[in-house]
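*Asks:* As given, the protein sequences belong to chains A and B, one line each in that order. Counting along the first sequence from 1, when you hit position 11 you're at 11 in our numbering, and nothing is skipped either side. Counting along the second sequence from 1, when you hit position 166 you're at 166 in our numbering, and nothing is skipped either side.
These are computed hints drawn from the structure, not numbers from a lab. Think of the CB as a built atom: it goes at the ideal place given N, C-alpha and C, for glycine as much as any other residue. Hints may contain errors.
As the list claims (entries may be wrong) - Label-pair distances were calculated between CB atoms; the ranges are: (1) 329/B to 136/A: 22 to 28 Å; (2) 71/B to 9/A: 31 to 37 Å; (3) 82/A to 329/B: 50 to 56 Å.
Take a look at the letters that make up each chain.
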Amino acid sequence: MRLEPIDNPSLARKIALPAAALAATIIIGSLLVLAAGANPFATLGLIIKGAAGSKFALLETLNRATPLIFTGLAVAVAFRAKLWNIGAEAQLYGGAILTVVIGTSALAALPSIPHLLLMAVAAALTGAMILLGPVILKTRFGVDEVVTTLLLNFIMLLFVSYLVEGPMKDPMGMGWPKSERLANEARLPRIVTGLRLHWGFALGLIAAMVVWIIQTRTTLGYEIRAVGHNPAAAKFAGIPVNMVLVKTALLSGGLAALAGYSEVAGLKGHLSLDLSPGFGYTGIIVAMLALLHPLGVVISAIFVAGIFVGADSMSRAADVPTYIADMLLAIALLFMVLAILLTRVRLVRG
Amino acid sequence: MTLEVVLRLAGITKTFGDLVANSGIDLTLHKGEVIALLGENGAGKTTLMNILFGHYVADAGTVEAFGAPLPQGNPRAALEAGIGMVHQHFTLAENLTVAENISLGTSSLWSGRLRLGQSKKRIRQLAEDFGLLVDVDAKVGNLTVGEKQRVEILKALYRDARILILDEPTAVLTPQETDALFETLHKAVAMGLSIVFISHKLHEVMAIADRCLVLRHGALVGEVETKNTSREALAEMMVGNKVEPPEVAPIQVGATLLELRHVSTPDMGTAPGLQDVSLSLKAGQITGLAGVSGNGQAALSDLICGLGLPEQGQLVLDETVQNRWNPRDAVQSGIARIPEDRHHTGTIADFDLSENAILETYQKPPMSKRGWMNWSQAKAFTESIIATYDVRCPGASTKIRLLSGGNMQKLILGRVLEGNPKIILANQPVRGLDIGAITYVHNQLLAARASGAAILLISEDLDEILRLSDVIHVISEGKLSPEFPRGTKTPAELGLWMAGQGFEGEDNCAA
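Bound-form chain A, shown alone (with noise of 0.2 Å):
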C-alpha cells in the first residue's frame, strides 16, 4: 500500500471527507458516551442545548470562544509560514502580565480608551517579544522551533507563578495567588450591557479579518504564503526568508497575547495561574480544523467553544464526565487530519 498524490481533489471528495469525519467523531463519541454509561442520543443533545440553547449559552460559548480566536489566529498565521508555534500559551500570559501591570499602575488616571489601547498594544508587543527569541534562535543556529516554544510555556507559567506569590500578588487577595485587579477604566466593556459579552470578542472578529486582508492583499502575506509553500523556491527569487519569518513571529506573538489581554481585561480582571486551562495548545486545534484560514478560526473557535461549555452543561445534567470535550476534540482533530490527507493523496495497492 503506498500514498498517491490527486492533482485536483474533486469538489465531492473536499466535501464528502470532512463531512465523513464528523460523523465519525459523532459515531465514536457515542461509544464513548455509551461506556460511561449515558444514552449518547440525549447526551448530544445536551451538548448542543448548553452550548447554544439559549441566549445565556450562547454567550457563554462566544465568551469562551473569545481568546480561541486569538490564539487559533496566532498558530494559523505562522503554521502559515511553516513556523511552528507551540508556545501560544506563554505569549498569552505574556499579554496578561502586561495587561495587568498597566491596567493597575498610576496610568490608571489615563482616560478608559487611550489606557485601554496602551494595554493592547503593550500585551501584543509582550508577546511578539516571546517569540521573537526562539525565531532568531531557528534562523541564526537551526534551533527547532518546536521545542524552544513549547518549552517557554512551562517557563512562562512558572513565573507567572512567581509573580502571583510574589510581586504582583494582591495584598487585598485573602492569601490567594492572584494579582491585583484591574481599574475600572481598564476594563473591556460589555458589547450590550447587562449580557455577559464583552468587547473582545469583537476585537477578535476584527483581529480576523485583519489577518485575512494581510494574509490575501499585502506583500507580507504573499511572503508568508510562498515561504511556507516553498522556502528555497522563495529564497531564489529574493524574498528575505529569515525577515519574513521574523515578521510572522511578531504578528503571531502579538496575536496570542491579545488572548491574555481579553481574558484579563474583559473577563477575569486580574492575573492568576488558572487564567488559562490550554487556549494556547486549543488554539492549535482551532487554527487545524479551520485549515488555518483566518475567518475559518472564528467559526472552528466557535464550534470548539460550543463543545466545552455545551460539555459544562451537559456533565452537570447527566452523569457523564466533562472530559468527554477534550476527548471530542482530539477524535475531531484526528480524523480532519486525516480526512484533509486525503483530500489530496489515496491509497493504491502495490
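We have chain A; now place chain B onto it with these hints.
*Replies:* For chain B alone, kept in the frame of chain A given last:
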C-alpha cells in the same frame, strides 16, 4: 560467448510523463563478467537499474535473473534472486555499527534477539575474501565515504548477491579508494560474480569492464567489447555525433556584461565549488558550459543567481565589482535566471500561475504599492505571458503543479524575459522537456541573443551546447577550461575535457 547468462533484460521501456527515460533496452550479463553502463546524466542508466532492482515498474519489457523471470516492482524479489545494488547515495543507518547495518533486515522481526556474533564472523570472512577492510564494530556515521561504500558492498555480499550493480561507485571516491574498489571487483569476478558498473568516467570503464553498453536519451546506442574500442570512440558514442550545422547567424559581439575574476567558492556537499574561475559573458553571445553534473555547475549557477558571493575573486557587472549580492540584486541588475530545478526552485507548486509569475517582482510597482498587492496587475501580466509564450493552461489561477514541465518552463521564461534582460543564466533549461518545448526554449534563447543579451547556457547535453553556443567552456572538478570558439572542438575532444583531461596543462590550448 558461451558462458551462462545470469541476467537478461529485454525491451525495457519506461516513461515519466513526457520524458522517455528508457526505450526498448536489451541487456545480457554473463557469469563472471563486468559490463559498464555508460551515458551522460539523464541518459537513463539509473532508471534502468532501478527497474531491474524493483524500485520502478517498467511500462514494457521483461527481466530474467538466472533463467527465471523476476517479478517487477519488488526489491525483495530482486534481493532473493541474488541481485545486490550499491546506490550512488548510500542507504545506511549512520547511528548503527557496521555489523548492525549489514545484518539489518536479514533476520526475522519476531526472532527477538540479534545474533550479531555469527553475523560478525561472517562479515569478517567476507571482508577478508573480497579485500573490503572495515571495522565491523565502528559506527557507520564515523566512517569515511570509501569505507561506507565497502559496507554497502558487504551488505550486498552478505545477502549472497551473485550480481552486483554499482551505481556511479567512484563518483565519491579518491583515486586510491577507486583502485582498492577495482581490486575488490576483480576478486568478486574471479569468484564468479557478475557486475554491472554504471559510470560516465571513461578511463574507469576502460579499466574495469569487459563490455560497454552506451545509453543516450534513454536508448541503447552502442554495445562494444572494451578491448575493441577506445576512449575516444566511447566518448563519441556517449555524447552523440549528430551535431547539426549551426542554424545560428553570426552576430556582432558586444561589451562584456558580466565577468568573474579568479573566483573560488566553497564546496557544496560532495560537489566541488569553483576553483579560480574566470569567465566573461558578452552581449550577443551564448556561452555554453559543458560538463558532467556535479562538477561545479551548481556553484557557478548559485553565484550568478545571487545566492552567494565568491569566497575569493570578484563578480563584476557592468565594470562594477559587486560587494553586496543577493537574489534580488541579481534580478534588479537585469539577470534573467532560469534555474535548474523548475519544480523546487523555479516555482512554488501550490501557488497559481499569477503568484508564480510575480515571484521576482511582487515587491515593487506595478505589482504592489506600499505593501499592498495589486492582483489585477499580476493577473494581467500573467495573462500576457500566457498569450505571448503560449503557456497551455486553464487560466492564470491554475495551480502551477498541474502544468506540464514544458508549460511550467514557458511561464518561467515569460517571467524572466519580459523585462528584456541584459544577462540570461539558463541552467539545464530543457531537461525533461519534450522536443516541441525544447525547440521553443532554444528559439527564445536565440531571440534574446539576437537582441543583444549575454547568455550563459549550462547543460549536460553536449548536443545542446554545440548547437547553441558561440563559445564553449568545459567545467570539471570546479575548474574551467579555456574558451573554445564554435566549431573548434569535436564532441569527442570535449568529452575528454569533460572527463577531466587537459586541465593539467599538457594540452591546454584554445584552438
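*Asks:* Now look at each hint and say whether the structure bears it out.
*Replies:* Checked hints:
Between residue 329/B and residue 136/A the C-beta distance comes to about 24 Å, which sits within the given range of 22 to 28 Å. Separation of residue 71/B from residue 9/A is about 33 Å and conforms to the stated range, judged on CB atoms against 31 to 37 Å. The beta-carbon spacing between residue 82/A and residue 329/B, approximately 26 Å, falls outside the hinted interval of 50 to 56 Å.
Of the numbered hints stated above, the single one contradicted by the structure is hint 3.
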